[in-house]
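**Q** So the chains spell out like this:
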Amino acid sequence: MTSDNERKKRAKEALNKPARYGSDLDLEEFEYPESDIAELESLDEISSTEKQLLESVGIDPEQNRAAGAFIQLDNEAFLADVMIKQEGLEIMPLSQARQKYDWVENYLWNAVPVDTDKFTARSELEVYEGYFIRALPGVKITAPVQSCLLLKKSKSVQNVHNLIIAEEGSEMHIITGCAAPSSVERSLHLGISEFYIKRNAKLSFTMVHNWSEKTLIRPRSAAIVDENGIFVSNYVILSPLRSIQTFPRVRLVGLYAKTELNSVVNGVGESEYDIGGAVSLEARRATGKVVSRSIATDKAHIIARGDLVGLNEDTKARLECDGLLLSSQASIRAIPMLDARVEGAELSHEATVGKVGAEQLNYLMSRGLGKEEATSLIVSGFMKLEVPDLPPILQRSIEEAIELSLKGGM
Amino acid sequence: MTLLEVRDLRVEVAGIPIIGGLDLGFDTGKAYAILGPNGSGKSTLAKTIMGLPEYVVKGGDIQFEGESILNKSITERAKMGIAYAFQTPPAIPGIRLEDFICKICPDYACKGEDDMFMTNGCVCKDTLYDDFERLGIANLAKRDLNDGFSGGELKRSELFQVLSMRPKIMFLDEPDSGLDYDSLKIVGRELKAIRDEGRTTMVIISHHRYILEFLEIDKLFILKSGRLVYTGDMSDIPVLEEKGYEKFLEGVLPA
Numbered sequence: 444m445t446s447d448n449e450r451k452k453r454a455k456e457a458l459n460k461p462a463r464y465g466s467d468l469d470l471e472e473f474e475y476p477e478s479d480i481a482e483l484e485s486l487d488e489i490s491s492t493e494k495q496l497l498e499s500v501g502i503d504p505e506q507n508r509a510a511g512a513f514i515q516l517d518n519e520a521f522l523a524d525v526m527i528k529q530e531g532l533e534i535m536p537l538s539q540a541r542q543k544y545d546w547v548e549n550y551l552w553n554a555v556p557v558d559t560d561k562f563t564a565r566s567e568l569e570v571y572e573g574y575f576i577r578a579l580p581g582v583k584i585t586a587p588v589q590s591c592l593l594l595k596k597s598k599s600v601q602n603v604h605n606l607i608i609a610e611e612g613s614e615m616h617i618i619t620g621c622a623a624p625s626s627v628e629r630s631l632h633l634g635i636s637e638f639y640i641k642r643n644a645k646l647s648f649t650m651v652h653n654w655s656e657k658t659l660i661r662p663r664s665a666a667i668v669d670e671n672g673i674f675v676s677n678y679v680i681l682s683p684l685r686s687i688q689t690f691p692r693v694r695l696v697g698l699y700a701k702t703e704l705n706s707v708v709n710g711v712g713e714s715e716y717d718i719g720g721a722v723s724l725e726a727r728r729a730t731g732k733v734v735s736r737s738i739a740t741d742k743a744h745i746i747a748r749g750d751l752v753g754l755n756e757d758t759k760a761r762l763e764c765d766g767l768l769l770s771s772q773a774s775i776r777a778i779p780m781l782d783a784r785v786e787g788a789e790l791s792h793e794a795t796v797g798k799v800g801a802e803q804l805n806y807l808m809s810r811g812l813g814k815e816e817a818t819s820l821i822v823s824g825f826m827k828l829e830v831p832d833l834p835p836i837l838q839r840s841i842e843e844a845i846e847l848s849l850k851g852g853m
Numbered sequence: 530m531t532l533l534e535v536r537d538l539r540v541e542v543a544g545i546p547i548i549g550g551l552d553l554g555f556d557t558g559k560a561y562a563i564l565g566p567n568g569s570g571k572s573t574l575a576k577t578i579m580g581l582p583e584y585v586v587k588g589g590d591i592q593f594e595g596e597s598i599l600n601k602s603i604t605e606r607a608k609m610g611i612a613y614a615f616q617t618p619p620a621i622p623g624i625r626l627e628d629f630i631c632k633i634c635p636d637y638a639c640k641g642e643d644d645m646f647m648t649n650g651c652v653c654k655d656t657l658y659d660d661f662e663r664l665g666i667a668n669l670a671k672r673d674l675n676d677g678f679s680g681g682e683l684k685r686s687e688l689f690q691v692l693s694m695r696p697k698i699m700f701l702d703e704p705d706s707g708l709d710y711d712s713l714k715i716v717g718r719e720l721k722a723i724r725d726e727g728r729t730t731m732v733i734i735s736h737h738r739y740i741l742e743f744l745e746i747d748k749l750f751i752l753k754s755g756r757l758v759y760t761g762d763m764s765d766i767p768v769l770e771e772k773g774y775e776k777f778l779e780g781v782l783p784a
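If you're matching them up, the sequences are chains A and B in order.
Under the numbering used here, the first residue of the first sequence is numbered 444, with each subsequent residue one higher.
Under the numbering used here, the first residue of the second sequence is numbered 530, with each subsequent residue one higher.
I should point out that these hints are in silico values taken from the structure, not numbers from a laboratory.
Remember, predicted model here, so these are calculated numbers, not experimental data.
The beta carbon of each residue, even a glycine, is placed where N, CA and C say it ideally should be.
There may be inaccurate statements among the hints.
[Said to hold, decoys possible] Here are the simulated DSS-like cross-link-like pairs (lysine-lysine), alpha carbons at most 30 Å apart as the crow flies:
no.: 1; chain 1: B; residue 1: K753; chain 2: A; residue 2: K814
no.: 2; chain 1: A; residue 1: K814; chain 2: B; residue 2: K601
no.: 3; chain 1: B; residue 1: K601; chain 2: A; residue 2: K850
[What the hints assert, rightly or not] Simulated coverage check for chain B against chain A, where a stretch passes if three residues somewhere in it have a Cβ under 8 Å from a Cβ of chain A:
no.: 4; stretch: 574–583
no.: 5; stretch: 608–616
no.: 6; stretch: 623–632
no.: 7; stretch: 750–758
Just chain A, same shape as in the assembly (with noise of 0.2 Å):
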C-alpha cells in the first residue's frame, strides 16, 4: 500500500493550504466521523421528517421511478438499492466498493488532487464515506439513479468521498440531493466528487441542494472525460446556507469529449455563495459550455465564475453568466475568464449583471398583472433552465424544485 501511504503524505503536506477561492474556515472546530458506516434494512427506519427533507431536493424515497437510489445520513447510516430489473448498474457505499474491486484504488484522488487544499486534505486524513456508481459497459440506464445525502448533526463534519464511473458506451442520469434540516448548527459538508465518463458514454448529473442557515458547504468535485464522452452537470442551489464554495474542474482528455456545466443560484438570507466551473479542454475538438444564472436577494452575496482553458486546438467553449439583483442590500458578482494558450482554442463570453428591466416589466404590468406578479414571472423565466441532454423527468425535478424555492423566497 505505498501509493496509500503517498497519498496520506501528500495530504498532511497540504492540511494548511488554503482554499484558492472562498473564505477560510478553521477545520479544528468541527467534530470529525469515527466509525464506520451502518447498512439501513429499508426505507422504514427512515423518518418522515427525512423523507420531507428528501423530497425538498427533488428525490423520491419512494423511488418509483428510479434505478436505483443511494441515501447517506451525516456518516453513520446508509440505504443502498438497485432496483430488479436494472441490470448494469452497481450502487454501493465506497468501502464495499474498495473492497470489492482493487482497482477502484486508481480511481481515488486521481480526478480531484488530494493536495488541492486543506479540504481535500483533512478529507482523506478521517474517515470517509460516500457513494459509488457505475453503469456497466454499454448499459444505457434511462430512469435517472437517485443518491441523496443527509447532514443532520451540528457542529460536526460530513465527510463525502463518491466515485462515479460511466464505462464505456454506457448512459446515466443521477439525480443527487444534499439537505439539512433547519436545526442544524455549523456543520461542515466536505464533499469529494469524481466522475469518469469512458469512451462514448454520457452521464448527466443533477444536483439540487437544500441547506440550512448555519451550514458550511465546500464540494471538491472533478470530471474526467473520454473520446467522445458527454458530460452534463447541473447544479441547482435554492436555500440559505452560511458560506458555499465550489469550483468544478472537467477535463477533456478525449477528441470530441464534450461537457456542460450548468448551475441555477437562488441566493436567499445572508448567505455567500463562491460558484463556479473550470473546463479543461485538452483534446482537439472537444467542446464545453458554462452557463450560470444567480439570483439574489436579501443580503446574499453570489460570485458567480467561469474559466475556460484551451490546451488544444481546434477547441471550442463558451461562458453564459447572468445574474439578476432583487436586493440593494444584495450583490452579484460575474468573473469569467477565458485562458486560451494555442492557437485554434475558441473561448467566448458573455456576462450580464442587472435589475429586473422595467422594460419587461411595464409589458407584463400593461397585461394586468401586478408588480410583483410581474416580477416573479420574470424572475421564474430567468431561472428555468432548459438543459436538452436531461430525461424529461429530470428536467421537471429540478423546474418544480426551483418553482417551489421561488414561492418560498418571495
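Use these hints to put chain B onto chain A, whose structure you have.
**A** Frame of chain A, contents of chain B only:
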C-alpha cells in the same frame, strides 16, 4: 357613450413636449383610426393612456368611464379594461407564450392562483390551440414570449394577447406593419369579428388603408405635432393616400 376621453392633454418624454393640448373622445364599441405623419404623437398618446412611466403627463386629463385615470398604475388601467399592443415588445425568456396567454385571459384561466405554468391537464388547451391556429402562430405557442419572434409574428402574438385580455378599449400600434398579405388577412378577419361583436372599442394607429377599410372604421383622427388637426371618416382614406398628409391637410385646413 364616451368610454375614454382625453382633455387638453400635454405629455413630455425625457423633458421634450410631444403632445401639446389634445382633446379626443372614444365611444363604446366604435372603431377609430389615428393617423398622422411620423413623430406626430400617435404612439405617445396610446402609451400615455396605458400609463407607461416614460410618458409624463404635464397637463390635462384622461378619463375612463367618467373617472380620471392619471393616478392609476399600469396594472390598474389594464384591469379596468385598457389594452395596448406594443410595436416592439421586449422578450421575456423562460415564459412560454401559451402559458402567458392562459395567465392573462379570463376565459383560459384554468390554473390555480399560485401555478406559474399550465399543467398538462389544462382543459382549455383545445380552445387555446384553435385560437393559435386561426392566428397562424401555433408554432409560437411553446416558444418564449417575444424571444426571437419575427416582425409579423410579434404583431400577431401582441394581437392575440390583447384580445385575450377581453379589454373594453384596445390601442393597436401599427398592427399591420411588416405583415405579408396572408397575415394581413388573418389580422383583418380577427379584428372584424371583434368589431362585429361591438363590445370593444378599437383604436388603430396605422399608415395603411387595407385594415382600416376592411374594418370600416367609424372615425379617423389626424394628429400633427402633438395636436388634433383633422377629424374625418373612411371616405378620407383614399384621398389621404393619394395626396399624402401635407397636401391633404393643406386642402382641408383653413389657411
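**Q** Which hints from the list above does the structure break, by number from lowest to highest?
**A** 1, 7
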